[in-house]
Amino acid sequence: MTTPLIEVRDLHFQYDDGTVALRGVSFRLEPGETVALLGANGSGKTTFVLHLNGLLGGKGCVNVCGMEVEAKNYEAVRRKIGMVFQDSESQLFMPTVVEDVAFGPLNHGIDAHEATHRATAALERVGMSAAADKAPYHLSAGEKKRVAIAGILAMEPEILVLDEPTTFLDPIGQRGLAELLANLPQAKIVVTHDIPFARAICNRAVFFQNGTIAAEGPVEEVVARFGWDFALEPAKFHR
Amino acid sequence: MHHVVLERWSRGASPLHRRDPRAKLIALLVFLVVLATAQRSLPALSLALLFLLLGTLRWAGLPIVGALSRACVVLPFTAVFAAVASISGDPARGLSLLLKSYLSALAVLLVVSTTTLPVLLRGLETAGAPRFLLMVAQFLYRYLFVISEEAQHMAKSAASRGASVRGLAGSGARFRAAAGALAVLFARSYGRAEQIHRAMLARGFGGHFHPLFELHFQVRDAVFALLGSLAPVLVRFAVERAL
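So the sequences go chain by chain: A and B. 1 is the number of the first residue of the first sequence in the working numbering; add one for each residue after it. 1 is the number of the first residue of the second sequence in the working numbering; add one for each residue after it.
Source of the hints: derived by calculation from the structure; they are not laboratory data. One thing to keep in mind: the hints can contain errors.
[Claimed, not checked] Some chain B residues close to chain A (C-beta under 10 Å, calculated; not the full set):
no., residue
1, Val4
2, Val146
3, Arg198
4, Gly204
[Unchecked claim] According to the in silico footprint, chain B covers these stretches of chain A (three or more CB under 8 Å from chain B):
no., stretch
5, 50-56
6, 94-100
Here the structure is a predicted model, which is why all the values come from computation and not from measurement. In this text, a Cβ means the ideal position worked out from N, Cα and C, and glycines have one as well.
Construct all of the structure, not just a fragment, from the sequences and the given hints.
As structure tokens, then:
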């Protein structure tokens, strides 16, 4: 058995307002895997991933690349995990695209010259080199998503976590994103409601229900088990 | 939006655009002091300083009419104080307020329109401005557009359900709806601030922004700072001697 990149054991979390979001979640991510986290709204998927780099702290054990996720390891853990948030607008806060992409490397002590080099390479990888000097608010939703991913790639993480990556993207943008992610070598966790997208890039799915993992296995099996493998039939809704 | 236009202008390629921001800030500071301390012959001095600014705008390749109209943004505020001064029997003070505020705004606009925000903030930081204030300015500039867009969406949503903000004074219900919308906007802004903070932490933010580039103050910047500072002083000296 290989050493997992992420190992979570019996994780519990309750928000300040009393909402219990996680009830004993255990999870493993192996090197090279791409795992879809599925489940209804409010089932605990996003709360779970926010524990992986210490943005939330619940009861239980979270281990990333051999390190316990606790305050003294936050910096090292955040080098290992790159997190792409659902709303790219909140992730792109620097005045220009290149400065935003270089933000992570600079925080991790990389000098400005190397950070610029990494930012340029990451932008090239996601096909956004031409936007380097633009302000983020001039970009389309798909371009913002690509730049947000470039900001993570520039940190050279071992694991990518993407929260609802296809939100706000049109079908062409979704296909472009799927192609981009499929070609990245890192292990990935993808929080999504988008079943075709999960089918396209994930080799395993984990289904969250009421703060617990209700099932895991191949994507097709999991979506079939919970009845998420349907397609809307237009004739059914015609009057 | 104003700041989108200014950002486009700030990405020009004139000699003024290429000057170090600290050189421009020195010249701006001297201009503002010269203007603020002027008492005698103010209308004539204002006219002379206006020509100086117009010449600089032209040198920077900026649209003069556009810049002049955008500087008017300060007038509604100062007009109130000017009106109060005039009504209380001191019209000269009212006129002075209007002239000084308008020319000050035009001078600031000139610097902002010829310096990109990251460079301007870096210049202010190396000149000793408090980092916290600069960070607030940077975020305000970045998210003003986003918040404004959210407000427009809310207004459209309200309008599509038959609401209107017109005639607020005459309708308690409308006023309450507008106040509610403002509260929602505030809550959303707060939520977004939390998301931004999380995104920053996730990329290793430790409380300090590390610059991607360094500024280099060259001899030509020093020459510009010197000449740019001398120009308003000499203009004032000449006007006051002539009148």
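Against the structure, the hints:
With 10 Å as the threshold, the beta carbon of Val4(B) comes within range of chain A, its nearest partner Cβ sitting at about 8 Å, so the hint holds. Interface hint at Val146(B): satisfied, since its Cβ lies 6 Å from the closest Cβ of chain A, which is below the 10 Å cut-off. Nearest Cβ of chain A to the Cβ of Arg198(B): about 5 Å, under the 10 Å cut. The hint holds. A distance limit of 10 Å between C-beta atoms decides the matter here; for Gly204(B) the minimum to chain A is near 4 Å, and the interface restraint holds.
For the stretch 50-56 of chain A, the assignment as covered by chain B holds, since 3 residues bring a beta-carbon within under 8 Å of that chain's beta-carbons and 3 suffice. Under the rule that three or more residues need a Cβ within less than 8 Å of chain B, the assignment of the stretch 94-100 of chain A holds, with 5 such residues.
In the structure shown, no violation is registered for any of the earlier numbered hints.
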